[in-house]
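Colleague: Below are the chains, spelled out letter by letter.
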Amino acid sequence: MTSVTIAPGSADISAAPRITGSGKGRAWAYVARKAGLLLLTLWAAITLNFILPRLMPGSPADAALAKLAQNGPVSDATKAAIEAQLGVPTGNILEQYVAYLHQVVTLDFGVSYTFYPQSVSELVSTALPYTLVLVGVVTIIAFVLGTLLGVLAAWKRGTWLDTLPTLAGSFASAFPYFWTALLLLFFAGYVGRLFPTSGAYGPTASPQFTLGFLGDAIYHAALPALTILITSLGSWILGMRNTMISTIGDDYVTFAEANGLKPRTVALRYAARNAILPNLTSFGLALGGVVGGSILVERVFGYPGIGYLLFNAVTNQDYPLMQALFLMITVSVLIANFLVDILYGVLDPRTRR
Amino acid sequence: MTALLEITDLSVDYGEGAGSTHAVNHVSFTLQHGEFVGLVGESGSGKSTLGFAVTGLSKPPAHVVGGSILLDGVDIASLSSADLREQRHGGIAMVLQSGMNALNPVRSIRNHFVDIFRAHGHIDRADWNSRAEELVAKVELPSSVLDRYPGELSGGMRQRVSIALALSLEPKLMVFDEPTTALDVLVQHAVMDTIIELQKKENFTALLISHDLGIVLESAQRVLVMHEGEIVEDAPSRQILESPRDDYTKMLLSHYADPRADVVELPGFEKRVASVSSRTRQKDQKAIVVDHVSKVYPAPRRGEPQVTAVDDVSFTLEPGQSLALVGASGSGKSTLAKLITAVEKPSAGSVRFGDLDVGSLRRGQFRQLHRDVQMVFQDPYAALNPLHTVEYTLTRPVVNFTGLKGLDARRRVLELLDTVGLSPVEEFAAKLPHQLSGGQRQRVVIARALASNPQVIIADEPVSMLDVSLRAGVLALLEDLREQWGVSLLYITHDLLSARVVTDNIMVLNGGRVVERGNTAEVLRNPSDEYTIRLLDAIPNPGRRDVA
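Heads up: the protein sequence lines correspond to chains A and B, in order. Start counting the first sequence at 1; every next residue gets the next number (the numbering used here). Start counting the second sequence at 354; every next residue gets the next number (the numbering used here).
Isolated chain A (complex conformation) (with noise of 0.2 Å):
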């Protein structure tokens, strides 16, 4: 059927939206595209990161220098040490940013005050796995469970499967995430010794990459694990449960049933399918949130990610641990989007455009 006639039909063809290039290049276009952004705004939060701490009156060898100064005076020795010590910037502002460039992209952030002398990158390369795998497996479980069983909730909308699922998990949110890790510290950990109350492994363990060790980690993460999952799940249940209520109710819905489609097809190929879209912005957030957010439960818990670390760095002034991890932050709320919206483009036709 390559010549087909049209007509009758050519009042309505002629109006149809103009299609350009083909399907790959386009694919690639958009991806390049993204990337572009991601590059864009990578450059504009380094620079930023860059630009406010010089914005702030002082430096930290002026407020080094001023608690001593409060014990005697300071020789000119003394004064010369710590600044060579904490590094005072020499040079125009030109040469700085292109000095502070290097150091970004060679990873050196300089030494931390607090774990003095250990370097800033060697302390966030330690803490990020413990932290990526803890939060970021439990942030990708959650929403991977919550979305299925908010298909499920809103596919047999009235039934138990949706009742029991959207209350337990709108009750287990309503919770404070610290109140959570209190109750099964107390529960599992001290009065059941089920689990280990902190820490990511065994005194007696040391990091390496051995069964062992693996397992001893999992073990030590369950506490902090559960925390999470149990105040997430309930946001992600409710979320797709109610879009899914929505497409159910579409034409395109109606429309596969009354061609006779098989159920499971209708519900997860139609109905969850579209569903899924706006909850992917969620997702999104919540995997860039994964580095930052875990303050709370991994203090409660004692546990040495990136949360601890920066708990540490606020309430110690540990200026370049702190620029270091909020830069960290930045750094992969943005990664986290570039990847949602890749998914997007490859779930979502029409954002391929």
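Simulated from the structure, these hints should not be mistaken for laboratory data. Errors might be hidden in some of the hints.
[Stated by the list, open to error] For lysine-lysine, the following DSSO-like pairs were computed, each having C-alpha atoms within a straight-line distance of at most 30 Å:
{"#": "1", "chain 1": "A", "residue 1": "67", "chain 2": "A", "residue 2": "79"}
{"#": "2", "chain 1": "A", "residue 1": "262", "chain 2": "B", "residue 2": "491"}
{"#": "3", "chain 1": "B", "residue 1": "691", "chain 2": "B", "residue 2": "639"}
{"#": "4", "chain 1": "A", "residue 1": "156", "chain 2": "B", "residue 2": "758"}
{"#": "5", "chain 1": "B", "residue 1": "639", "chain 2": "B", "residue 2": "525"}
{"#": "6", "chain 1": "A", "residue 1": "262", "chain 2": "B", "residue 2": "525"}
{"#": "7", "chain 1": "B", "residue 1": "553", "chain 2": "B", "residue 2": "491"}
{"#": "8", "chain 1": "B", "residue 1": "639", "chain 2": "B", "residue 2": "603"}
{"#": "9", "chain 1": "B", "residue 1": "554", "chain 2": "B", "residue 2": "525"}
{"#": "10", "chain 1": "B", "residue 1": "758", "chain 2": "B", "residue 2": "784"}
{"#": "11", "chain 1": "B", "residue 1": "412", "chain 2": "B", "residue 2": "525"}
{"#": "12", "chain 1": "B", "residue 1": "691", "chain 2": "A", "residue 2": "262"}
[To be verified] One side of the interface only, derived from the structure: several residues of chain B facing chain A at Cβ under 10 Å:
{"#": "13", "residue": "447"}
{"#": "14", "residue": "515"}
{"#": "15", "residue": "735"}
{"#": "16", "residue": "736"}
All residues carry an ideal CB built from backbone N, CA and C; glycine is no exception.
Given chain A's structure and the hints, the job is docking chain B onto it.
Modeller: Same frame as chain A, now just chain B:
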């Protein structure tokens, strides 16, 4: 030969218990093999509810409470949902009202076909592609649409695709629920032609549900007229046209007329002899002068040509005059309205209202323009805030534009309601939009436009969303305003019949250009432009069958 579909004593309720309403009330009818039957009724008559019940798609709160639906002797109402699903192949297929939204936006057209083939297994996997190509060819689409997503197709193409999908079930009965309502006139005409041809070629039985008696009489052999949940007339099309028995059918028919006729009469609407002297003219009335105006939009995507929505259009709307702006969607008529109301700025040329240059208004001058030039929108359901009473909706512009306060403002609101014929006024003032019918809502929208004592009303398809029986009333109101208050009217429409009755002059737009202009009656009776002729031919006309 036994009937294909036999419906006996069917009732469908909305809700249960005391609060339930009977949407379909003890309805019985039959469809014979190969028949093309129309089901006509106005909004709320229960025709769509009946259509959904027949196809076994009733969803809560609607539910069948009595009667039987026999398809080839099998009662659909008593089938389990699994059995019902099985029989969709070779049974009943349905094309939905808003076919535009009947396709899954994230699935390609090809996958829509594949889903159906897979669900019923009636086509060998090896033949899926060729079968899908065959089906889209039947609805006169090129096979390249198979690799498109719904968002990449026009409304008419999407509706054709959903017809092809329904066809892929090899149904005995096809139910079309308002298949062309959301489409542009010319497209509507083309899609209906395809449906009629397909029905002859593929030999399925067709039930066409529509609010438009014109469309139904043009295509169906037999017509069922539905009113308040009951079928009030069941007769061959010719008989409905020539000797309708039921009063309701007669009323529906009376609202159709040929805009080309010498004298056009609609019930409830009398065209007075327009004489300028009889009008109580307001002081210093101003004319709208559109002078060689063009509007060019930048290209939607890089590498594409820019879009010229309005191309060198000139006209003058004198005080008290009425001008129809006619054209299919995309002809530039709405853009022209936006240019006149200063929503958009012209790319070239000028729009003047009195001594105001509408294209280059400064901040404070918008208010002046909007006091004198008001819009009435197409969709009265969307144009009113559902949370506000009619009185609140009307008080806002009264206070803003006239400076009246308190009791004076209230008096003015009641006066406006009286002007648009909503009485008792006190009662209507207290109502919320959902308590009003479509026609009443449109009157509130008009009253709101009148609140500022405007000199010009721009009405964008003000009756296209209303039932035919309500249209005449709204049109008569617009005409009255012109007669009594000297308000000039720019009437934007694709409906040539209503243009004929409310306007003196007409301009036909195509592709942003004026292709024909002149006295409305003369242009419609002796159209010279091919496009105007096509528009006239596309009007559903109950009488056309006789001509053919």
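Colleague: For every hint, state whether the structure bears it out.
Modeller: Consistency of the hints with the structure:
A hinted pair counts as satisfied when its Cα atoms are at most 30 Å apart, and residue 67 of chain A with residue 79 of chain A qualifies at roughly 12 Å. Restraint check for residue 262 of chain A and residue 491 of chain B: satisfied, since their Cα atoms lie roughly 26 Å apart, inside the 30 Å limit. Taking the CA atoms of residue 691 of chain B and residue 639 of chain B, the gap is about 19 Å. The hint holds against a cut of 30 Å. A C-alpha spacing of about 54 Å is found between residue 156 of chain A and residue 758 of chain B, which places the hinted pair above 30 Å, so the restraint is violated.
Taken as a hint, the residue 639 of chain B and residue 525 of chain B pair is broken in the structure, with Cα atoms around 62 Å apart against an allowance of 30 Å. For the given pair, residue 262 of chain A sits about 21 Å from residue 525 of chain B by alpha-carbon distance, which is consistent with the 30 Å threshold. Only pairs whose Cα atoms come within 30 Å are accepted, and residue 553 of chain B paired with residue 491 of chain B is accepted, the gap being roughly 12 Å. Annotation: proposed proximity of residue 639 of chain B to residue 603 of chain B is violated, straight-line Cα distance about 43 Å (limit 30 Å).
At most 30 Å may separate the alpha-carbon atoms for a hinted pair to count; residue 554 of chain B and residue 525 of chain B meet this at roughly 13 Å. Taken as a hint, the residue 758 of chain B and residue 784 of chain B pair is honoured in the structure, with Cα atoms around 21 Å apart against an allowance of 30 Å. For the given pair, residue 412 of chain B sits about 23 Å from residue 525 of chain B by alpha-carbon distance, which is consistent with the 30 Å threshold. With a C-alpha separation of about 47 Å, the suggested pair residue 691 of chain B and residue 262 of chain A falls outside the 30 Å cut-off, and the hint is violated.
Interface hint status for residue 447 of chain B: upheld, as the beta-carbon distance to the closest one in chain A is roughly 4 Å, under 10 Å. Hint status for residue 515 of chain B relative to chain A: holds, with the closest Cβ pair at about 7 Å, below 10 Å. Residue-level restraint check for residue 735 of chain B is violated (minimum Cβ-Cβ distance to chain A is 18 Å; threshold 10 Å). The interface hint given for residue 736 of chain B is violated, since its Cβ lies 23 Å from the closest Cβ of chain A, which is over the 10 Å cut-off.
Violated hints for the displayed structure, listed by number in ascending order: 4, 5, 8, 12, 15 and 16.
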